[in-house]
Amino acid sequence: MTLTMYGIPNCDTVKKARVWLGEHDVPYRFHDYKKAGVDVAVLTQAVDALGWETVLNRQGTTFRKLPEAERADLDAVRAMAIMEAHPSTIKRPLLVGDGILEAGFKPDRYAALFDKG
230 MTLTMYGIPN CDTVKKARVW LGEHDVPYRF HDYKKAGVDV AVLTQAVDAL GWETVLNRQG
290 TTFRKLPEAE RADLDAVRAM AIMEAHPSTI KRPLLVGDGI LEAGFKPDRY AALFDKG
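Each residue of the sequence shown is one higher than the last, beginning at 230 in this note's numbering.
The set of hints was computed from the structure by calculation and includes no laboratory data. The structure presented is a predicted model; accordingly, all values stated were derived computationally and were not measured. Virtual Cβ for every residue (Gly too), placed ideally from N, Cα, C. No false leads were slipped in.
Okay, the calculated beta carbon distance ranges per label pair: (1) Asp241 - Ile329: 15 to 25 Å; (2) Ala305 - Val248: 31 to 41 Å; (3) Pro296 - Lys264: 20 to 30 Å; (4) Pro256 - Ala301: 34 to 44 Å; (5) Gln288 - Pro336: 14 to 24 Å.
Using the sequences and the hints, build the whole thing.
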């Protein structure tokens with residue numbers, strides 16, 4: 230399986246992760262939520278493995294601008310619906326590959342994942 234990074238190209242965190250992967254010669258393909266949409270199967274896999282609380286980015290502007298009624302009483306089903314309708318609410322980047330499922334970017338975590346410490 231090819232390593233795939235899911236995200237939005239103008240996101241600063243995605244940019245940092247892409248630079249890190251490039252500097253460490255880690256090949257990947259980029260899936261742009263804005264152009265290609267949300268891969269629901271991958272999103273479901275991430276929510277099942279990491280929990281919707283980890284995958285849903287509640288700190289971002291898009292989530293905070295949603296009506297209070299939409300943000301209240303969240304559970305996995307409601308969180309999935311929000312992330313499908315508003316890809317900017319998915320924690321970025323989402324990195325998926327053989328044995329890898331990571332939400333967000335931390336250089337030390339990537340170093341451990343790819344044994345590049």
